[in-house]
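Asker: Given next are the chains, with one letter for each unit.
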Amino acid sequence: MSAPPATPVWAAALRLDGRLGGVARRWAPPLALAIPLCLVAAALEGVHSGFPSTWLLGVPRWFDNLNNWVTNNDSSNFFLHTIVGGFGNLLNDATNDIVNLLHWMTWVGVLAVSTAIAWLVGSWRTALFSALVVASFGVLQIPNGGPNGISEMWPSAMTTLALMTVAIILSTIVGIPLGIASAVWPTVHKLLRPLLDLMQILPAFAYLVPIVVLFSIGNPAGIVATFIYAVPPLVRFTELGIRSVRKDVIEAAESFGSTRRQVLRNVQLPLAAQAIMLGLNQVIMMALSIVVIASLIGAGGLGDPVLAALQTQQIGEGFVAGLLIVLMAMWLDRTSAAIGERARERTSTRRLTRRQLLGLWAGLLVLVLVARYGLGLGDWPAGWGFSVVDNATRALNWVTNEFTGIAGPISSFLTLDILNPLQRYLTDLPWWLVAAVVGTIGWARGGSRRGVLLAGCVVLLGLMQAPVGYTFQGTTSYNFVAWNDAMETFSLVIVALALDLIVGIPLGIAAYRWRVMDRVLRPILDTLQTLPAFVYLIPMVALFGVGNVAGVSASLIYALPAAVRATTLGLRAVQRDVLEAGQAFGSTRWQLLFKVELPIARPYLMLAVNQTILLVMAEVVVAGLVGAGGLGLDVVTGFSRSEVGLGAAAGLAMVLMGIVLDRLSQSNPDRARAAAS
Amino acid sequence: MSCRDLWKVFGAHAAKAIESGDVHLGRAELMAKTGCTVAARDVSFDVVRGEVFVVMGLSGSGKSTLVRCLTRLIEPTSGAVSICSRDVLGAQPKELREIRRTKVSMVFQHFGLFPHRTVIDNVAYGLEVQGIDRPTRYARASELLEVVGLSPVKTSYPDQLSGGMQQRVGLARALAVDPEVLIFDEAFSALDPLIRREMQDEVLRLQERLQKTVIFVTHDLDEALKLGDRIAIMKDGRFVQVGTPADIVGAPADDYVREFVRDVPRGKVLTAAYATQPRSGEMPEEVVRHDQHLNELLPVVFGAKGPIGVVDGTGELVGILDRRMVIHVLAGREELSTPEELASPGQP
Amino acid sequence: MHERRWIRRRPARLAVVLAVAGLIAVAVVISVASASVSGTAGKPTIVLANNSWEGSVANNVVAQYVIEKNLGYNVNLLTIDEIPAWPAMVQGKISAVMEVWGHSPLYAQYVKGNHKVADAGLEGPNGNIGWYVPTYLVKAHPELATWKGVKKDWKLFVTPQSSPQGQFLDGSPSYVTNDAALVTNLGLDLKVVFAGTEAAQLTEIEQDYKAKKPVLFYWYTPQYQNAIYKFSQVALPPFTTACAKLKPAQINCAYPPYHLYKVMAATLATQAPTVASFIRRFNWTSDDQNSVSYNLAVKHMSNSAAAAAFVNSHQALVKSWLSSSTKPTKVEPPTPGT
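Protein chains in written order, with the working numbering: chain A, 22 to 698; chain B, 812 to 1159; chain C, 148 to 485.
Same shape as in the complex, but just chain A (with noise of 0.2 Å):
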């Protein structure tokens, strides 16, 4: 219930109107406040470039000391030692069980197990997946060691499978309460959204250390880890789902006298249990796409061949590896959808009698049981598989050797003609102009309070900055200058956007118009989304040399499949008979793409621009391990030195950044995640 707008006086009084009238409505009044706090920043700081090198909060400080505390504190204060630890203790045992079972299971139970699960709620065709990704980490090898002498993939495949259930199960304990919680009381859902950003924006790098400090390296911290990482959809999805219940279904339910609690527990919940599947689902890719961030901490599987690849070079072997590791997520997103399927469809035609069910069971202890102590085998045999990695190693040298000629000159080109110049001139800008921009953009497309807000956060990210020459307890030192490497990054945003959507859209509105094509494209989409960027990271390298490029193109890559979906999604979503009356006027099939569907699918457009941005963000960090400066190279400094005072720092402003351009880029919220969901 808000009032219309009503014509301003100075609006009346210009005699502006209908569409113009409209767009100096939104930006008259934000410029009226911008342009004169801009010449009094002027006049008093002259036009200098850059943020003010003593203006500072001492955030590096807070973290060092914090994390200089919690390092002596330790083993004394009851919370640390004692709840933390616990807790650690919990994680790493259940991991260790599962992993123990899997093993005690032998691989035919384990295939016979997986399958039988993939039957029980998906088709025979869930199944056969199923049973090919469980074999393919047995099938799949790398020879003769490899890094960290790691012949076989299968136990490593079993670690992680492990790492991802436990992960996943803590998610689900958590995320779910919260997200009801969230939908219940409006209070809890206006704390938990800035964090629940927070812990989607902050890379993973950013807050290892921390994690590490608390839990000590493996299994523990690699599990929290993910859980932070992977949490945030599935609270989103619940609290979605409880909210997206028809009001009329409630109202009916409380109609008949029903207490909040069983309206909650009769009606919002079962109805929601389609989105919270949805949710549990995306909590498993993403715990997936983390798998070898968490290997950085020590939690192991298949993200230390990946990783060691990535450290000793051998592209090949990171490659298979990366391939079991996107398997894997296909498996269990395929596995995990069925269910969500059968919630949604209710009338299964296949279920078991409970005598069946239990026959089912019992046949598959009674295999594990004779597979263990009848057969006594264990793990995949050794001898049962074969190495593509001398051939992928071929492939990806063959694909560096022949385009490392066209590559070369495009590098040189992004390089000099793009990125260097947009970062000289980012950076030159004084801040003050930066948050005026800022500011008025979010004033006018998302009202006063967002346009003061996110002028704020442009000068809380300057003052993220380290002092020149800070050193921490005499032994770290670093130069940390927040605006500066801010500017970097966004110069790679900038670029990477321009270049997926360059590229996406046009493959997005092929998808749509040619079946083949999104055929096609489907499954390299999905393996894009789900490879561990550090399989091509060397690669890119050999293509592009180290630096921005190499960091840009990789960005690119991971943020490419969302552009291309939401594009396709967007076009689909035109309803059929705007089309016929767009076609009825003989628009050519041309005309009926510019002038009817593209328009009308501008919000997924937006939207397409809006998840490239974060995905970017999150890759950008990454980036910085092939030398993309910026806030990437200090997270990844942060973390690789243990400097936690500056890799926090770090993280935080671009968690600023990110909350910065995502508020920009979309200016509806609301429309725009109801376009997403």
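Fair warning: there could be bad hints in the mix.
[What the hints assert, rightly or not] Simulated crosslink set (BS3-like; lysine-lysine; CA at most 30 Å straight-line):
(1) A:268 / B:1079
(2) A:211 / B:1116
(3) C:477 / C:446
(4) C:446 / C:377
(5) C:394 / C:299
(6) A:211 / B:1046
(7) C:298 / C:190
(8) C:216 / C:477
(9) C:357 / C:298
(10) C:446 / C:360
(11) C:286 / C:298
(12) B:914 / B:1037
(13) B:1116 / A:268
(14) A:268 / B:827
(15) C:259 / C:299
Derived from the structure by calculation, the hints contain no laboratory data.
Got chain A sorted already, so can you dock chains B and C onto it with the hints?
Answerer: Frame of chain A, contents of chains B and C only:
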């Protein structure tokens, strides 16, 4: 049940707007001054057992908000509501739930069925939240599904049924708790015309048997005239006119109502009383009852040779049916005077 | 009809839960039972820290092989960065680090400070960190043998990334380097570019090497890649102790010599005395290490194969590591500034 001086004002300063009397301003002025909108404006009415009270208005007139205020699905701003002589607006949450569980049931425009529950579980819902055990509530639900003719589909899910069947489920669900008061909120608006008529007949049939207190909200005049013992016409949150169907059609209170009822087939609604010239004295040869619809009188009117007498329920002569007036009334050209004046010759 | 549905659904779910619970219970019982009868019962698992360079891995595979074969402990190799490995030793997550480069602050904190980590003596090879160029480049430009040549020829090293300055290619940011300070203090027209990881740095160098392009980079020996590529060191102003005492930003001389050493958790001596004794005596040469690294990285041998190849051809050496009559390797704290 009764409703007294009920106000519902939306907006942050609703109570202040009523106190200050600002609510009597026009819609736009009120909005500009206080940011409030009025959905129910000083509404009072009583409905007795066995009566069907129809609230009719166009969309946005406030009728749906009004009926939700009766059970506080929407909290009214001020006023008093009593159901079965229990104060609804003063009730504590627990008591309110008790009233909702046992005294009032509602049937919704878009059915409001629970898509994840089978038909029988939908019907049994009201009993389930009362804490009644499964066998008892299933027995009762089966009984009602029998009544509305849905026994064969009791284990189906709502989305497997047609719209008409879904609303029968809604009706059965409302009746399952054996409420004193039944509220229909645009219950049949979403249905096809044929099905709608069928459902209306179903309601009339059930009402004959069950004699509930029924409040029926609709925007369809035909439906209102067909079902209503009394009809309230609502506009901008206010009852413009309350009366029997014949009152509404025959003597519209203002131009708004007049415009509303213009196209109604008047002969089906208006009675002899509307075309009667008061007269006493000798009983004519041809006689009709004052509450007979004009349509059925047409053969008499044009077939009779002499004057036609109009008698009341006791058989006493109240006047003479005027042929010229019958034509006028049926054509809707003018209102001669209120039916009460016409029909009550005994008054001075 | 509906009643049947209810009866059927619930117990079905129950059956799944029961069956899974049963499987887990059986598994736990059996895994506990089988653990108690296996050969390494009661012995702690030894965890060695695998750092990101190949030399570190070479030490570990040989140590793993010897400890498992001769001392009967299980050994895990855990991939972890250099600095987090130290607190991990305190927490008992890591038993030992077989090759440490410098890290005098950590040494001060953990070895001298709280005694939670024990110095296990020198490893043998001396680390040499410095500035390098491919040898073909020095042949074409002899002046590049010293930093003064770099000062003159900086234009050779200009890349898009560093433009308009010359590029100095650094490796992983986890290596604490003086390069930025050196560039400033020696007045060089260079920009330090971090490759982000050593693999990325090496890939870049390889690409340049193939095309015989100029490249100037941070590098070190022992490093097995030196057997494949010919690199020449660029002489920096000589290292002095006075220079080492300067603040990090003021350093203007070459890197100090690194005497590579080993550390282990202080508790290891009591928990696994034979292993601690072995680690104290472990000692070999750069060539030994490079030969193992080469077999691992270039010839793609498995860990155990590479270790076995080395152990079989160096039986006397291995025997000396295991004999209590051998003197433990010399304990020498890292040079300040390293």
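Asker: With reference to the structure, classify each hint as holding or not holding.
Answerer: Each hint tested on the structure:
About 39 Å separates the Cα atoms of residue 268 (chain A) and residue 1079 (chain B), which puts this hinted pair outside 30 Å; it is violated. With a C-alpha separation of about 83 Å, the suggested pairing of residue 211 (chain A) with residue 1116 (chain B) is violated against the 30 Å cut-off. Restraint check: the Cα-Cα separation between residue 477 (chain C) and residue 446 (chain C) comes to about 33 Å, which exceeds 30 Å; the hinted pair is violated. At roughly 19 Å between alpha-carbon atoms, residue 446 (chain C) and residue 377 (chain C) fall within 30 Å of each other, so this suggested pair holds.
Taking the CA atoms of residue 394 (chain C) and residue 299 (chain C), the gap is about 27 Å. The hint holds against a cut of 30 Å. For the proposed pair residue 211 (chain A) and residue 1046 (chain B), the alpha carbon gap of about 39 Å is over 30 Å, so the pair is violated. Of the pairs offered as hints, the one joining residue 298 (chain C) and residue 190 (chain C) is violated, with about 58 Å between alpha carbons and a cut-off of 30 Å exceeded. For the suggested pair residue 216 (chain C) and residue 477 (chain C), the alpha carbons sit about 26 Å apart, so the restraint of at most 30 Å is met.
Only pairs whose Cα atoms come within 30 Å are accepted, and residue 357 (chain C) paired with residue 298 (chain C) is accepted, the gap being roughly 25 Å. A C-alpha spacing of about 27 Å is found between residue 446 (chain C) and residue 360 (chain C), which places the hinted pair at or below 30 Å, so the restraint holds. For a cut-off of 30 Å, the pair hint linking residue 286 (chain C) to residue 298 (chain C) stands: about 17 Å separates their Cα positions. Annotation: proposed proximity of residue 914 (chain B) to residue 1037 (chain B) holds, straight-line Cα distance about 26 Å (limit 30 Å).
Of the supplied pair hints, the one linking residue 1116 (chain B) and residue 268 (chain A) is violated, its CA atoms being roughly 63 Å apart against a limit of 30 Å. Annotation: proposed proximity of residue 268 (chain A) to residue 827 (chain B) holds, straight-line Cα distance about 29 Å (limit 30 Å). For a cut-off of 30 Å, the pair hint linking residue 259 (chain C) to residue 299 (chain C) is broken: about 45 Å separates their Cα positions.
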